[in-house]
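Participant: So the protein lines, in turn, are chains A and B. Numbering that gives the first Met the number 0 puts the first sequence at residues 0 to 307. Numbering that gives the first Met the number 0 puts the second sequence at residues 0 to 405.
For the record, the hints were derived by calculation from the structure and aren't laboratory data. Any given hint could turn out to be false.
Simulated restraints, written as ranges between beta carbons of each label pair [said to hold, decoys possible]: (1) B/371 x A/282: 46 to 56 Å; (2) A/147 x B/325: 48 to 58 Å; (3) A/15 x B/385: 20 to 30 Å; (4) A/147 x B/394: 17 to 27 Å; (5) B/402 x A/282: 46 to 56 Å; (6) A/147 x B/320: 23 to 33 Å; (7) A/140 x B/288: 43 to 53 Å; (8) A/147 x B/341: 49 to 59 Å; (9) A/140 x B/317: 39 to 49 Å.
Don't be surprised by glycine CBs; every beta carbon is placed ideally from N, CA and C.
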Amino acid sequence: MTAVFWKELADHLGSRRFVIFFFLILIVGGASAYLAAQALSGRETASEFIYLNLFTVSGGGLPSFLGFLAFFGPLIGVVLGFDAVNSEFNRGTASRVLSQPIYRDWWINGKFLAGFTALAIAVASIILIIVGLGLYIFGFPPNGVEISRIAMFFVISVIYLGFWLSLGILFSIVFRQTATSALASIALWLFFTLFLYMLAGLIADQVAPIKPGVSADVFAKHESIRDLVLRFSPVALYEEATTAILIPSYRGLGIAALLQEAAVPTSPLPLGQSLLIVWPQLVSLVALTSVCFAISYVIFMRREIRST
Amino acid sequence: MRKKLVFACLLAFALVGAAQELKRDFAFYVTYPHIVLPEGKDVNLDVVLVNYGENPEEIVFEISGPEDWNPRLETSSYPRTQIMGLYLLPGEDNKVTVKFRAKPPDEAESGDYAFELVARTKDGTIEKKAAVVVTYEREKVETTEEEEVKGLTLTVDYPALENPAGERFEFEIQIKNEADEERVVELKGQVPIGWQAYFTPRWKDQRITSIKVGKNSSEWIKFVVTPPFGAEKGEYPLTFVASAGEVEAKLDLKAVITGTYELRLGSEAEVFGKGDTRNIKATAGKERVFKLYIWNEGSAPITDIDFYASKPKGWEVSFKPERLESLEPLAQTLKPEVVEVIVKPKERAIPGDYEVNITAAGKEDRESLKLRVTVGAAMSWGWVGVAVIVVVVAGLTGIFVRLGRR
């Protein structure tokens, strides 16, 4: 299995599209982090978690690094996964590999692990570069809380990107043509990042329309329906989860928390409490990834593979 | 009956005519027949004419007396014209007052001068005479000078003025010339050493050293006194002297200077032209000493000066010394005091510009200074950051290159 893993990892890291996407995210993310640092400069009232602000604060017209990762991160995952299996079939290499004395699941497991590792390396190096940028700009190191929260952010980001990787691999198993699986992955990505947000508002408007003079209950219902619809999207789940991790005073989601925020002093929560708030989102992300992987595993294991 | 009436009328006319014949008289007199005339004045006397008769009379005048005095009779109302005769209506209500005027010639000696005024009716039946004696007194030089000695009076409404140091004092003084001639009054002021004094007319800014005062009149002048820079508070006596010839009048005045308190703060660059400005650089977590210069531009010492700083959260600002017991005026100390301000940005201060507001508050005055602190990143950690970036980029490049070539 290790042989498959290393070979796949080398393929991923050496491939041009991975390098291109990696640098795209690195440049845009690094620029947004740098602008965030500029926006923070000289701000007395900045929260005490300055390194976390690097990831969440947007400045100079660019969205925050978090927003970039939530939006463009899936592309890296999809790019790594969409032709993992079907291209090997198309090239005829699959039967050759599988004729080697290895278990069949090693092959698919190795592909998954290699993808995960490549994603982890990419995310880790981007985060490290941003922290290094922070060190250079701020002149003081991140403290323990910041390091642990950044580590948590890293884990969640890898799981999130891993979901898109497993989705890509699933499509690459389901569809014979690489173009089909790529288009299907990108369609799903667009659906989750753009259309579901519109759809959520639309559904909420239909179910609980907000008209002049409606009671607060209707507002709350509108918001909760919108949140409910949005939570079908891994993008929204990821954004909620990382927001709670990167903004320690974040107390929860929905309109009730928003209203409370005005009344309750927003002192930072410990990491454990922040995790508790977004535990459902984390579990959902992990579950989505696992389900995708499980489905592709089952389909792949049951598939009849012939040498053509 | 009618005859009787006509007769009565005739009788009445006859009676009236008889009365007319009887009553024909007028009065002609001078109100002050003997006057004493000092030098420089003219004879100006009222002459009254009253007709006690029944008929109007035309009166003709004749005047005799020293011709060079130019004696004449004039109307009492303007325009003054010389008259040689007048028409006098009967009755005391119609009395006429005319003026007898005469001007002594310049060479006239002291002594009595007699004038005779004659008024007679035109037909010459009634003639009245009035005599006027003028005792002319020519002023002797010696006596006039003795009179001048008392001829100057000085008055001031506010003899003592109070002002903070650096302000000028303005005394308004009235100079009264009681002599009968116009005089030029020399103005002098006696002030403490270092003070400046000058005089101006009351409503003008023109500086003057003397002023012309008309006879028996007065003039207002302003006596302006400027204390020297840094004059201490206290009372200062001043004397104003006005002199005309040998006549001298003095007026004692008082200027009271109250203390002023003006606390000033400045940076080294503002005091010496080099060094720290109000914009200083500091490093997060490191102490930075800023020399604050403090001085008193007033004239009295400021006491109990404490220092405060409003600063960003988590910063430390301390002062050495923490307070000043007393700060003498700069005019005496001649150099500002130095207070060391130790600014320590918090450990995790984001690089950028921060504002520290330093306030020095004494009992009498307070002043504040805005200090702009530019926090720079500590370079040691900056190199660590650079190293992290370099290592990551180098590692990635290595991986990409090595694996991509296969």
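Participant: Do the beta carbons of residue 140 of chain A and residue 317 of chain B sit within 39 to 49 Å of each other?
Facilitator: At 26 Å between Cβs, range violated.
Participant: If you check the beta carbons of residue 402 of chain B and residue 282 of chain A, does the distance land in 46 to 56 Å?
Facilitator: Taking Cβ atoms as reference, residue 402 of chain B and residue 282 of chain A lie about 35 Å apart, which means the hint is violated.
Participant: Residue 147 of chain A and residue 320 of chain B, beta-carbon distance inside 23 to 33 Å?
Facilitator: Violated: the Cβ-Cβ distance is about 45 Å, outside 23 to 33 Å.
Participant: Does 49 to 59 Å hold as the CB distance between residue 147 of chain A and residue 341 of chain B, or does it fail?
Facilitator: 35 Å, violated
Participant: Lying within 46 to 56 Å: is that true of the beta-carbon distance residue 371 of chain B to residue 282 of chain A?
Facilitator: 50 Å, holds
Participant: Within 43 to 53 Å or not, the Cβ separation of residue 140 of chain A and residue 288 of chain B?
Facilitator: Given about 26 Å between the Cβ atoms, the range is violated.
Participant: Using the C-beta atoms of residue 147 of chain A and residue 394 of chain B, is the stated range 17 to 27 Å upheld?
Facilitator: 24 Å, holds
Participant: Has the hinted range 48 to 58 Å been met by the Cβ atoms of residue 147 of chain A and residue 325 of chain B?
Facilitator: Given a distance of about 56 Å, which is inside 48 to 58 Å, the answer is holds.
Participant: How does the Cβ-Cβ distance of residue 15 of chain A and residue 385 of chain B compare with 20 to 30 Å: does it lie in that range?
Facilitator: Holds, at about 28 Å.
Hint check: violations occur at hints 5, 6, 7, 8 and 9; the rest are consistent with the structure.
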